[in-house]
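So the protein lines, in turn, are chains A and B. Residues in the first sequence are numbered consecutively from 22, following the working numbering. Residues in the second sequence are numbered consecutively from 72, following the working numbering.
Derived from the structure by calculation, the hints contain no laboratory data. For every residue, glycine included, the Cβ atom is placed at its ideal position computed from N, Cα and C. One or more of the hints may lead you astray.
What the hints assert, rightly or not - The calculated lysine-lysine pairs, modelled on DSS-like cross-linking and capped at a C-alpha distance of 30 Å, are:
no. : chain 1 : residue 1 : chain 2 : residue 2
1   : B       : K127      : A       : K328
2   : B       : K127      : A       : K329
3   : A       : K301      : A       : K167
4   : A       : K353      : A       : K167
5   : A       : K353      : A       : K301
6   : B       : K118      : A       : K329
7   : B       : K118      : A       : K328
Unchecked claim - Going by beta-carbon spacing under 10 Å, a handful of chain B positions derived as facing chain A:
no. : residue
8   : A100
9   : V104
10  : P106
11  : I108
12  : L113
13  : I116
As the list claims (entries may be wrong) - Derived DEER-like restraints, expressed as beta-carbon distance ranges:
no. : chain 1 : residue 1 : chain 2 : residue 2 : range
14  : A       : Y154      : B       : W77       : 23 to 33 Å
15  : A       : Q199      : B       : K118      : 38 to 48 Å
16  : B       : S86       : A       : H48       : 29 to 39 Å
17  : B       : W75       : A       : P331      : 38 to 48 Å
18  : A       : A66       : B       : V104      : 25 to 35 Å
19  : B       : F124      : A       : G159      : 49 to 59 Å
20  : A       : D39       : B       : F124      : 47 to 57 Å
21  : B       : W96       : A       : Y157      : 18 to 28 Å
22  : B       : P97       : A       : G160      : 27 to 37 Å
23  : A       : V47       : B       : L115      : 37 to 47 Å
24  : B       : L111      : A       : G159      : 37 to 47 Å
25  : B       : F74       : A       : A65       : 15 to 25 Å
26  : B       : W77       : A       : V47       : 23 to 33 Å
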Amino acid sequence: MAITLPIASHWQQILSPDLGRLAEPVHGWFYAIQPNGDLAVSLAALIVLGLCLGLLGGFFGGASGFLMAPLLNLVGHIPYNVAVGTELSTMVGTATLANLRQRGLGYIDYKLGILLILGSVIGLEIGAQLLKYLTYAGGVTLVGRKISLVQLVMTLVYGGLLAWIGSQVYREARSARQAEFADGAPGVPPLAMATRLQRVALPPLISLPMSGVEAVSLWVILGVGAVTGLLTGLLGVSGSFIRMPALIYILGIPTVVSIDTNLLNYLVLALYGAFTHSVKGNVDLLLMVILLVTTVPGYQGGGWLRKKLPGHRLQLLFAGIICAIIITMFWKVLR
Amino acid sequence: MAFWQWLTAMSQSASPAGELFAPHWPYVALALVAPLIIGLILALILKVIENIFGIKLGGGDI
Numbered sequence: 022m023a024i025t026l027p028i029a030s031h032w033q034q035i036l037s038p039d040l041g042r043l044a045e046p047v048h049g050w051f052y053a054i055q056p057n058g059d060l061a062v063s064l065a066a067l068i069v070l071g072l073c074l075g076l077l078g079g080f081f082g083g084a085s086g087f088l089m090a091p092l093l094n095l096v097g098h099i100p101y102n103v104a105v106g107t108e109l110s111t112m113v114g115t116a117t118l119a120n121l122r123q124r125g126l127g128y129i130d131y132k133l134g135i136l137l138i139l140g141s142v143i144g145l146e147i148g149a150q151l152l153k154y155l156t157y158a159g160g161v162t163l164v165g166r167k168i169s170l171v172q173l174v175m176t177l178v179y180g181g182l183l184a185w186i187g188s189q190v191y192r193e194a195r196s197a198r199q200a201e202f203a204d205g206a207p208g209v210p211p212l213a214m215a216t217r218l219q220r221v222a223l224p225p226l227i228s229l230p231m232s233g234v235e236a237v238s239l240w241v242i243l244g245v246g247a248v249t250g251l252l253t254g255l256l257g258v259s260g261s262f263i264r265m266p267a268l269i270y271i272l273g274i275p276t277v278v279s280i281d282t283n284l285l286n287y288l289v290l291a292l293y294g295a296f297t298h299s300v301k302g303n304v305d306l307l308l309m310v311i312l313l314v315t316t317v318p319g320y321q322g323g324g325w326l327r328k329k330l331p332g333h334r335l336q337l338l339f340a341g342i343i344c345a346i347i348i349t350m351f352w353k354v355l356r
Numbered sequence: 072m073a074f075w076q077w078l079t080a081m082s083q084s085a086s087p088a089g090e091l092f093a094p095h096w097p098y099v100a101l102a103l104v105a106p107l108i109i110g111l112i113l114a115l116i117l118k119v120i121e122n123i124f125g126i127k128l129g130g131g132d133i
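Extracted from the complex, chain B is given alone in its bound form:
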């Protein structure tokens, strides 16, 4: 819950209302790092499934 509140706060513009959006830098970093980490975890999960069930899964959307 605290993380969600922090995430919501980070996702707000740092500039006053009515001005152009100004990002908080942790928000920018998360937009890059979070999907990278999730992609790594998903690749690992697919590898584990392949090893357990002896099947070949797809390569990933391009």
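The following block holds chain A by itself, in its conformation from the complex:
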């Protein structure tokens, strides 16, 4: 059974106007483009994709968030702007769930939270505007084939980021394996960047009494927010994998306060991201519902598997999956 996604169809027709004048449908792996340009995607493929993404998220944590948009593009031919916008709307649901489920002890540093949100919203809007610009920028000819600029740029950005994440996962798996043989804990990588940023004393300096921080540059807090917001607006990821280490190692915020403040930031960021991307027409509501109701059970399954299976072997598998996705992404662009 295939379902027509109205927003994805709308952008499909704008990004590839030739596809709206077809004599007969064009079939992909799990999608079909109708003669009028409508995009119909296999419901079964979307359900399996949602479950797998949830499973990876539950097993490996935040890095899997980077996979959703590229996989939606690969599996369903869903334009990147729609994949990112829909991912952010889905994030409203997962953030609501996370806030309800992980409700901590109420250790939210509101002063820090508001400043982080301010930086994040600015970064997110810049990311969303950048994506909008790319979407309307038209196409380029690559190896004798016309391709939209958004498809090309996002393939390169995601390809680069996934390659970096894959290499980190591989290194982590290898060091965990070595530590297992050496009967010790894996070493903690040096955080040279964090140490350098801690020394930034650009005024105004503010104190965070709730977190026990005497003085920290306002610009560092806004910068952390802006960088994670930019990633959220452009790529549709939560940014927690940067925000959490930044709060703990750069700003020196206690872990329990970091967790609760990050949860608040996550929800507000998801709401603003869903708002600005829906105003730009990037949220496919039906796709959002499918992803939300499939990723959540998948996540629970991934969490269960994490307790049962040896971590480093599956990390190597994860690195292999990432590598295969990168190759397929570039094959899709170049074929």
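Given the structure of chain A, go ahead and fit chain B onto it with the hints provided.
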């Protein structure tokens, strides 16, 4: 079926073809409210499962 047709109509641009996308406001509201409600329902379902089977499930992706 009527809801699906309404949803499809809401998801179209309000501006004429060839112009920048202009959203219908119910579409924007749904993009915010629908996942919020689904997230609440899912949290409730997980809580019920925990209570029935006496297990502890995961917290939710961040």
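Now for the hints, and whether the structure bears them out:
no.	hint	in the structure
1	B/K127 to A/K328	holds (13 Å)
2	B/K127 to A/K329	holds (15 Å)
3	A/K301 to A/K167	holds (24 Å)
4	A/K353 to A/K167	holds (13 Å)
5	A/K353 to A/K301	holds (26 Å)
6	B/K118 to A/K329	holds (22 Å)
7	B/K118 to A/K328	holds (20 Å)
8	A100	holds (9 Å)
9	V104	holds (9 Å)
10	P106	holds (4 Å)
11	I108	holds (8 Å)
12	L113	holds (5 Å)
13	I116	holds (9 Å)
14	A/Y154 to B/W77: 23 to 33 Å	holds (31 Å)
15	A/Q199 to B/K118: 38 to 48 Å	holds (41 Å)
16	B/S86 to A/H48: 29 to 39 Å	holds (31 Å)
17	B/W75 to A/P331: 38 to 48 Å	holds (45 Å)
18	A/A66 to B/V104: 25 to 35 Å	holds (27 Å)
19	B/F124 to A/G159: 49 to 59 Å	holds (54 Å)
20	A/D39 to B/F124: 47 to 57 Å	holds (54 Å)
21	B/W96 to A/Y157: 18 to 28 Å	holds (22 Å)
22	B/P97 to A/G160: 27 to 37 Å	holds (32 Å)
23	A/V47 to B/L115: 37 to 47 Å	holds (42 Å)
24	B/L111 to A/G159: 37 to 47 Å	holds (41 Å)
25	B/F74 to A/A65: 15 to 25 Å	holds (22 Å)
26	B/W77 to A/V47: 23 to 33 Å	holds (29 Å)
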